[in-house]
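With the hints as extra help, turn the sequences into a complete structure.
In this note's numbering, the protein residues as written are 2 to 181.
No wet-lab data here; the hints were simulated from the structure. Fair warning: there could be bad hints in the mix.
List time: in silico DSBU-like cross-link candidates among lysine-lysine, alpha-carbon distance up to 35 angstroms [as the list claims (entries may be wrong)]: (1) Lys160 x Lys149; (2) Lys149 x Lys130; (3) Lys49 x Lys63; (4) Lys69 x Lys31; (5) Lys89 x Lys69; (6) Lys130 x Lys147; (7) Lys31 x Lys89; (8) Lys130 x Lys89; (9) Lys43 x Lys63; (10) Lys147 x Lys89; (11) Lys163 x Lys49; (12) Lys43 x Lys31; (13) Lys160 x Lys147; (14) Lys130 x Lys31; (15) Lys163 x Lys43; (16) Lys69 x Lys163; (17) Lys43 x Lys149; (18) Lys163 x Lys147.
Restraint ranges, calculated between C-beta atoms of paired labels, are given here [unchecked claim]: (19) Asn46 x Asn79: 44 to 52 angstroms; (20) Thr62 x Asn140: 35 to 43 angstroms; (21) Lys149 x Glu16: 25 to 33 angstroms; (22) Asn18 x Ala112: 37 to 45 angstroms.
Beta carbons: idealized from backbone N, C-alpha and C, even for Gly.
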Amino acid sequence: ETYRQDLLLDKFNLELNHEQFIEFQQIWFKIDNLGSSELRIKTINALKDYNVDIYGGNFWTKHEIPDKHQYRGYLNYNNIPAASRNAKLNICRSLLNIQNGIQQRIIDCGAMGSMVLADYREVLEDHFKLDEELYVYRNCDELQDKVKFLMNNPQAISKSIKLMRQKVFHEHTWVRRIIE
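Given below as structure tokens:
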């Protein structure tokens, strides 16, 4: 079970001075980073039977990846739209500390007109029609099932891309957020 740091402080009735809180934040960040890294590795390993291009920082150079995967290095921000649109699927694995928010990559992929398969967060149900506009997975077994389904159903991908793009441009723009 994961906890946001403010819930941890409340759960254990912690009252921290400024220095203690800064130290707590640093420890929390390290724990979140380690847990998120483990989940990213598990996610990639669950896709060992597929050809997967992996982009990111040097994190991936420190870990063994499946033979069918290729680490492509850091992807410059300006090159993300083309790489995203050229991918059949963009797998989104949120950091552990994103519990009640929508990861920016979901919105980006929707705006760019690329397919995204995201890890489930309850908040996504409030904003998207799951497995129609936005496909989600709850665990590695479901990830494998969804990838297999989508790879065998290009019409589901096309429909999701179209619906997600409409949703993002209608409900998830900066102008809309500023007005809210």
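Results for each hint:
{"no.": "1", "hint": "Lys160 x Lys149", "result": "17 angstroms, holds"}
{"no.": "2", "hint": "Lys149 x Lys130", "result": "20 angstroms, holds"}
{"no.": "3", "hint": "Lys49 x Lys63", "result": "18 angstroms, holds"}
{"no.": "4", "hint": "Lys69 x Lys31", "result": "30 angstroms, holds"}
{"no.": "5", "hint": "Lys89 x Lys69", "result": "15 angstroms, holds"}
{"no.": "6", "hint": "Lys130 x Lys147", "result": "15 angstroms, holds"}
{"no.": "7", "hint": "Lys31 x Lys89", "result": "33 angstroms, holds"}
{"no.": "8", "hint": "Lys130 x Lys89", "result": "20 angstroms, holds"}
{"no.": "9", "hint": "Lys43 x Lys63", "result": "15 angstroms, holds"}
{"no.": "10", "hint": "Lys147 x Lys89", "result": "13 angstroms, holds"}
{"no.": "11", "hint": "Lys163 x Lys49", "result": "28 angstroms, holds"}
{"no.": "12", "hint": "Lys43 x Lys31", "result": "18 angstroms, holds"}
{"no.": "13", "hint": "Lys160 x Lys147", "result": "15 angstroms, holds"}
{"no.": "14", "hint": "Lys130 x Lys31", "result": "34 angstroms, holds"}
{"no.": "15", "hint": "Lys163 x Lys43", "result": "30 angstroms, holds"}
{"no.": "16", "hint": "Lys69 x Lys163", "result": "29 angstroms, holds"}
{"no.": "17", "hint": "Lys43 x Lys149", "result": "17 angstroms, holds"}
{"no.": "18", "hint": "Lys163 x Lys147", "result": "18 angstroms, holds"}
{"no.": "19", "hint": "Asn46 x Asn79: 44 to 52 angstroms", "result": "30 angstroms, violated"}
{"no.": "20", "hint": "Thr62 x Asn140: 35 to 43 angstroms", "result": "27 angstroms, violated"}
{"no.": "21", "hint": "Lys149 x Glu16: 25 to 33 angstroms", "result": "50 angstroms, violated"}
{"no.": "22", "hint": "Asn18 x Ala112: 37 to 45 angstroms", "result": "43 angstroms, holds"}
When held up to the earlier numbered hints, the structure conflicts with 19, 20 and 21 and fits the remainder.
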